[in-house]
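A.B. asks: Need the complex rebuilt from these two chains, each delivered in its own frame; the hints are there to steer you.
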Amino acid sequence: MIEISGLTVRFGGVTPLDDVSLEFPTGTCGLIGPNGAGKTTFFNVLSGFVTPASGSVRAFGTNLLGMPNYQRARWGLRRTFQTEQAIEALSVFDNVAMVHEHCCQGRGSRRREDVLDAIRFVGLDVEPGEKVGTLGARDRRLVEVARAVVGEPRVVLLDEPAAGLPEDETRHLGQMIQRIPRNRGALVILVDHDMSLVSACCEVTAVLDFGKLIASGSTAEVLRNEHVVRAYLGTEERL
Amino acid sequence: MKGLALESVTLRRALVVGLVLLVVWVLVPIVLSTFWVQILTSVAVYSIVTLSLALLAGRVGLVSLGQIALLAVAGWIALRLAFAFDPPYPLLLVVTGVLTGIFGTLIGLPALRLSGLYLALITLMAASAITQILAAVNFPNGGEGFLGESASAAGANAAIVARPDWMASDAAFFRVAVIVAALMFLLGVWHVHGKAGRAWAAIRQSESAAIAAGVNVTQYKLWAFALASFMTGVAGCLLAASAGGLTTYAFPAPDSITILAVVLMGGIFNFWGAIVAAVLMKLFPEILKNFRIPADVLTILFGVGVLQAMTTAPSGISVQMGRDLTNLGHRLGRLAGRRSAARSSS
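Sequence order for the protein chains is G and D. Residue numbers for the first sequence follow my numbering, beginning at 1384 and rising by one. Residue numbers for the second sequence follow my numbering, beginning at 6 and rising by one.
Just chain D, same shape as in the assembly (with noise of 0.2 Å):
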């Protein structure tokens, strides 16, 4: 039966897919400098926005460039929440999750109307004024009032959730990034083999299509923007919680368009492209660094690589990689395959 075939297809990548991250989250931290191990939750943690991203533009059809500007509203959130109740952290991603979900629903309810370049419009539009409003109050460094903002504060009271002793050190909250990363993941893919996720293959193929099958496109449209929202909180709060804090000046509102472009690259229609994008959005940038090339050079080969995505991989480079590698494996098989009966008839 093809379905039991497809099932154990299934089950093989994930237990590929279990096993390689089991290995990352214990070696990582083992092997790796502090350097890139903060280097490396980065990842995580982008990972968590792209992957929001990807499931919105992707799944639903919604292009959003206002991504980053809502991990800066839950890192705003994160901090205030920290700062006033000093909740448990576990509680804190979860709370700063939902609040950001509706903050992030809110945004999104022009999308029951627009769609397209005008909903990106939108949304970029909204990313910078966010980022405006930002520059304005700054980040909550412990200061009273609602804005928790204090000019004589700054510098002693960092704009940064103080970490419990569990997951003080970076190695620890690596491994605390990759668990809640990896849960973002199961909870998108749930989603996308469940009933959501057929209502919103019907909605991006035609909305028509949609609303005759019985799909309320309208409460899909803004579950997804909250889900969305939602997984874009988490990683919000946690980098509230990383090494350095949290400023205005790490959440320009053309970064949208930088993950978006990265999405593309990585592929928009699958989670694997969600990795592949935080890993050229964060670790690359780094490797260049480490070549002492300037990182400004990310943004040409960026621009050149969605040009050859929408050209010549719509599916993006995780797609594209498997498919290039396969064809590589059988081209040397059947090179070694020439051979060995070449060497046996002389």
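Bound-form chain G, shown alone (with noise of 0.2 Å):
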């Protein structure tokens, strides 16, 4: 379970995050709003990209603001990125294996063995040699959530995972997504704009509009609420 209590973050006088205090229990969690919401920087705080102002941070116990940056993922916090950041210069196995081996414990055949397990896991059917830089966007897509999830990840952020992939490769990563608290006992938080894959995947739903919480609670109940219709549509009209 992560906490968190009284949010905010101020950049000059732009207030990202106001006030924010929200849990999200175990398994996967969708956290939606329009542009501008404050989504990312949510992600980024918790990643610590960006200090905020006041509040806290505590996940299954741990204060997450106390610990550097790289510290958190070797805590088992992860990440994907709005803007894929697989890295190309890399294979698929060293892409993944390079988390392993600042993240996890074991190394040579071990090693080898979480990192072809999470490959598998994704659903990534490219040689794990195969230089990264000529993947395709699904792919790269993937590697980066092969990394999230390689070893014995907590706590999954997916920022906006889906962006830019057909509805069928949508489907198959939000089936892998709803498979993560289970198979690799990760808590996800899921941000996306596409609100199919938020349902099918999300037992809960946070929802942010400039920066302040607007709902939250189960999805379906959290799409109808008229707050979260208005700010995502700007009319009264049902999602």
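Derived from the structure by calculation, the hints contain no laboratory data. Possibly wrong hints are sitting among the right ones.
Examples of chain G residues lying across from chain D (beta carbon under 7 Å, computed) [as the list claims (entries may be wrong)]: (1) ASN1452; (2) ALA1456; (3) GLN1468; (4) ALA1472; (5) LEU1473; (6) ASP1477; (7) MET1481.
In this text, a Cβ means the ideal position worked out from N, Cα and C, and glycines have one as well.
C.D. replies: This is the structure in structure tokens:
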């Protein structure tokens, strides 16, 4: 479980996160909101790229904000990025192995096994020795997700993983995301604009708008919430 | 299996490189005159410096314009240690490398906060400052005190590390330089294919992605500076023992820009580029002089070369040449095939 209390981020006169308090229980949780709502800033606070003005973040009893950013990954906080960041110069295997060698126990055959297991888990059907620079958009996204799930992650943050993917590939991605909590034992927080993906994957969802939490609860209820509908569409029309 | 195929390709390549190196190592001192042996020694030494720059800029994305100044500092350290303690030469190589590594890491500290143009500027300023300081204090020539420089000793004791008997001749020194350069390249390859290389690749593409993978970016950037400076330190120690010794005029700050230009031309993303760069920097001017072409023409050629590399071949000559030769081979093969087909049909 992740407990966020009174989280505020200020960039000069802008407040991308304004006194946000919420809890993410186990499983796959959604975090949605229109562009500029503060979703990525929220992920950046958790990852340690942005220091909040105030507030606290406790993940499974650990004070995340007290850790250096790279230590958070070693603790088990993994993430993908809105703009996909698979390392082009490395092979698929080395992309995933890089995370394992910094964050996980075990070397040699144990590492090899863990890395190949993560590659299989995300459904990557390419040679592990293939350079990432030669892969298509879908496979590069999957390499990034494989990096996030290798070993024993505790929290996986997925920032718009389906961006730019066609419908069938998004469906495959959704099925795989749903399996992460059960198979990898991690809590997943999914940020995406594809409401069918969020509905399919997330039991609970929180909604941000202009840096404020405007709704949270079961995904079905949240998506019917009139404030959420207004924030997304600017009308009273239902999603 | 693709992995196995890759391994056998790597093995074959390593064998070819080893064989070529062995031939060069054995034949160059036998076939060529002392002058060309000295020039090729200088190529071997500078290939270590270009390797260090290719490692920093190509692998980690840190553009340093201070490598030549660092080379001068290494020369100063080697001479000071040699005159003060007269240690065995292999020990002097290692100690000079380590001390230069520490010095280079201190210069690299701003890299933790800066990158790109700002880092390049900081390192260029450091290079200029070092050049000025060296011009004022000169290289140690056996004099007293910390600086070890004496006006009266000049001429009698040149600023040169005395070579031990086993590498006193230019031929033996060339062979030592080639072995040391090969060891430095192996050190570089070992790093690039290991944990550090993967972390550097991540840092070069995206520091955020590296941090999210658990990479301690500060530590790995400093390690890159330490390793590159160590390599430059070893090169400086070799230079301090090469024919002619060291003078303050041998390390002008603009050379730091020239060396970056040749590394870009040679190919910054692979280590072959470092060898091509050293050839461009040290062998080419002498070949031009041989044809009575002023070496200044090279400045223009390097300018054009960098433009060409930036616009048409970002991987540099080392990759472009291989690709072009392969294409040429394929075309010649097709041409030969067409001719034999025409002959058989007639």
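A.B. asks: Now tell me, hint by hint, if it's right for this structure.
C.D. replies: Outcome of the hint check:
1. ASN1452: holds (5 Å)
2. ALA1456: Interface hint status for G:ALA1456: holds (4 Å vs cutoff 7 Å).
3. GLN1468: Since chain D brings a Cβ to about 4 Å from G:GLN1468, closer than 7 Å, the hint holds.
4. ALA1472: Interface hint status for G:ALA1472: holds (4 Å vs cutoff 7 Å).
5. LEU1473: With Cβ-Cβ at 5 Å, under 7 Å, it holds.
6. ASP1477: It holds, given that the least Cβ distance between G:ASP1477 and chain D is near 5 Å, below 7 Å.
7. MET1481: holds (4 Å)
Violation of the numbered hints given earlier is absent; every hint is satisfied by the structure.
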